[in-house]
Amino acid sequence: MNEKIIKTLEFEKIRAKVAGQTRTDYGKKLALTQEPLTDSQVIQQLLDQTDDAMQIIRYNKYLPIAQLDDLSVPLKRLAAFADLNAKELLTIKRCLEIVRDLKRFLDNEEQIANELKELPALIASLVSLPDIRSDLARSIADDASIYDDATPKLKSIRQSIRLDEQKIKETLENYTSYKYQKYLSEPIVTLRNDRYVIPVKSEYKHKFGGIVHDQSSSGQTVYVEPQKVITMGQELANLKTAEREEIQRLLFELSVLLVPYQEEISNNIRVIGKLDYAHAKAQYATAEKMSLPLLSKDRYVRLKEARHPLLALDKAVKNDIIIGQDYQAILITGPNTGGKTVLLKTLGLVQLMAQSGLFIPANEESTVGIFDNIFADIGDEQSIEQNLSTFSSHMSNIVSILNSATDKSLILLDEIGSGTDPQEGAAIATAILDYIGTLGSYVVASTHYPELKSYGYHHANTINASMTFDSDTLAPTYHLVLGVPGRSNAIDISRRLGMPEVILQQAKSGLTDETQDLNRVISDLEEKRAEAEKEQRIVEKNLAESDKLLKDLKAQTAFLKKNKDRLIAEAKEEANAMVAAKKLQADQLIASIRSLQKKANAQQVKEHELIAKQGDFNQLTYERKLQKNKVLNRAKSEKSLKAGDEVEVISFGQTGVLLEKTGPKEWAVQMGIVKMKLPEQDFRVIDRAKKEKPIRATLKGGSSSHVKISLDLRGKRYEEAMKDLDQYLDAALLANYPRVTIIHGKGTGAIKDAVWKVLRRNKAVKHFEFAPQNQGGSGATIAELG
17 MNEKIIKTLE FEKIRAKVAG QTRTDYGKKL ALTQEPLTDS QVIQQLLDQT DDAMQIIRYN
77 KYLPIAQLDD LSVPLKRLAA FADLNAKELL TIKRCLEIVR DLKRFLDNEE QIANELKELP
137 ALIASLVSLP DIRSDLARSI ADDASIYDDA TPKLKSIRQS IRLDEQKIKE TLENYTSYKY
197 QKYLSEPIVT LRNDRYVIPV KSEYKHKFGG IVHDQSSSGQ TVYVEPQKVI TMGQELANLK
257 TAEREEIQRL LFELSVLLVP YQEEISNNIR VIGKLDYAHA KAQYATAEKM SLPLLSKDRY
317 VRLKEARHPL LALDKAVKND IIIGQDYQAI LITGPNTGGK TVLLKTLGLV QLMAQSGLFI
377 PANEESTVGI FDNIFADIGD EQSIEQNLST FSSHMSNIVS ILNSATDKSL ILLDEIGSGT
437 DPQEGAAIAT AILDYIGTLG SYVVASTHYP ELKSYGYHHA NTINASMTFD SDTLAPTYHL
497 VLGVPGRSNA IDISRRLGMP EVILQQAKSG LTDETQDLNR VISDLEEKRA EAEKEQRIVE
557 KNLAESDKLL KDLKAQTAFL KKNKDRLIAE AKEEANAMVA AKKLQADQLI ASIRSLQKKA
617 NAQQVKEHEL IAKQGDFNQL TYERKLQKNK VLNRAKSEKS LKAGDEVEVI SFGQTGVLLE
677 KTGPKEWAVQ MGIVKMKLPE QDFRVIDRAK KEKPIRATLK GGSSSHVKIS LDLRGKRYEE
737 AMKDLDQYLD AALLANYPRV TIIHGKGTGA IKDAVWKVLR RNKAVKHFEF APQNQGGSGA
797 TIAELG
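Residue numbers (my numbering): 17 to 802.
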């Protein structure tokens, strides 16, 4: 595809919009450099990749691809056996984490995966390298720092560093006390040249001995390392040197581990970039309401309601464009400012997008051709530097096009033959169209020469077209009409602007009878066409609504069929879990009652103890909540309680008699020999008419405590956070949760490090890792329990 068409039609702006949706450097590179292709198989593959990503978005899901920097330079350095730095290793770690997340996504979303065509194979080609990922994860933090636990030696060195720093600070803080403040510019401890110092007024710089490491710009303050801390400072410096050496040794070892897997990592980068690019194309298509085009190997183009992709959705005019089956040339006639140029660019851009694997700004079932090249002569390309006139510039461009075009090319010509004498211009335009016809290229040309209207009628494989005007306002509507040439509105526009009628009549008399008859025919055709289009739109709208309803019904039916067994199985599992939990509670209560029975052998069991146990039994079933039943609530509220009423005590499952009201919403109730004060919402008045009916014992209960599947530690102090974490893990284990999420935020990383230490030492934690990017990323950790 020639580069000039990319610039002429501003296709680079489309590529930039797609690139703006990417998350990886490689994906962005693909978006910015994607060329229109001519291989139908490759084009279809790219379109299928985009369609797969669209299918994922339709399920309100997204490919778990995080930000990923360029790895080309680190891989070259790795090939040269150079050590990678922590930031480069971090990028490789993120690459492997994305691989892991993508494979998990495909495994977890089996239903979606079964509907995809291209992306599953791409994801399957990714290489996980779990051992390498684990080694990097244990060593490299998300800010490219090195964990203390990366090696035992590093942990020991850093502990010593912290202790020495603390000793030095404590020693120096003595110099910031009130006793020495008159010698100091500020009573603080600071760092200069990686040594702890105090800011001393220059006239007292010998007061503390030691070494001067720096001075202020004014010279009034010097930064002194007192004699007392020089030795400690040197020890600290030695420790930091040892720390750097240990880190460098670790980076070397990690780099050596990666050397055998250079090709796998490079392949992962490429595949992730392709997936990212496909996802970006889908997001762009979703935002711009674009659809999947159908490919025609015979170069048949049928665009339904196509619009210019760089115009706003609410401003772009939609047009049907058809070429290639019944005709290979379209001549669009009519006055300027009618939208002819925009239409030519729309057709060209839609073709470039489709042949680049992008969705197109047209309705579904639109068909595009596959052209070996697209040429365009659009706009005024007059060149002052080359001393070319407008006409010469156009002719030079057209000559270049005619020399390169084939029978598989699409040519777009705007105002063909313009810029010279109208009679000669029309003749040249006719000759150019004839020559293109002999080449077999498809051509769409715009012109305002009336002579070319008859050309469209009398030449095979050619059709006239026009851009319509509102008959009342005579303003352009920018709608394309195939089969009808454009007519001049000069006289009507002049009349509307106030031109004297005598002038208009004289001008009209100067027109030939043939021209007037042609204008009348065109006018009649436009009216009939408008009526036909109106009826067609109504029919198409009704048909589209019917098709949508049918598709929705089929989709819902298919979904229910596919998920019927799964939903039933899940419901059974949930019910079994609830039964098992309640059975365990029941067994515990029975054991407790047996204990009471044994106790009864020695002494009388008190009735309130039995009532309490029966109340515990009543807690074993879930009572249906009827708060939203307004009729029942109203009826219940209308039954006012009074002393002497026989009531059922809901919490204990016992009957009793109300004695007296002891508070605004509290009553004293007698249950056997037990007298208690209870809230009135705990009573249900017994209907005397139904009192004699046998009463079946039922088990009733409230809701058990609920443990959330995530714990938020953000904003909490260290001790509070660790206490809450320990309690939460115990509760989650009792609730039989297989997986929980700990939200610790990013911040300084202190809480995250502490969380990971707790998870490492907890034997009930099988595995833990950062959450996927769309669930918090490095600000949250997912732990698997068991």
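Keep in mind the hints are simulated off the structure, nothing from the lab. Computed from a prediction, not measured in an experiment: that's the story for all the values here. Worth double-checking, as some hints may not be accurate.
Stated by the list, open to error - Here are the simulated SDA-like cross-link-like pairs (lysine to any residue), alpha carbons at most 20 Å apart as the crow flies: (1) K20 / I479; (2) K320 / R208; (3) K217 / V228; (4) K195 / K244; (5) K45 / A35; (6) K244 / E261; (7) K183 / R208.
Now for the hints, and whether the structure bears them out:
1. K20 / I479: 28 Å, violated
2. K320 / R208: Judged against 20 Å, a Cα distance of about 71 Å means the pair is violated.
3. K217 / V228: Between K217 and V228 the Cα gap is close to 12 Å, so the pair holds against 20 Å.
4. K195 / K244: With a Cα-Cα distance of about 17 Å, the restraint between K195 and K244 holds, given a limit of 20 Å.
5. K45 / A35: Since the Cα atoms of K45 and A35 sit roughly 8 Å apart, the hinted pair holds (cutoff 20 Å).
6. K244 / E261: The hint is violated at about 27 Å.
7. K183 / R208: Given pair K183, R208 holds - Cα atoms ~17 Å apart, limit 20 Å.
Of the numbered hints given earlier, the model fails hints 1, 2 and 6; all others are met.
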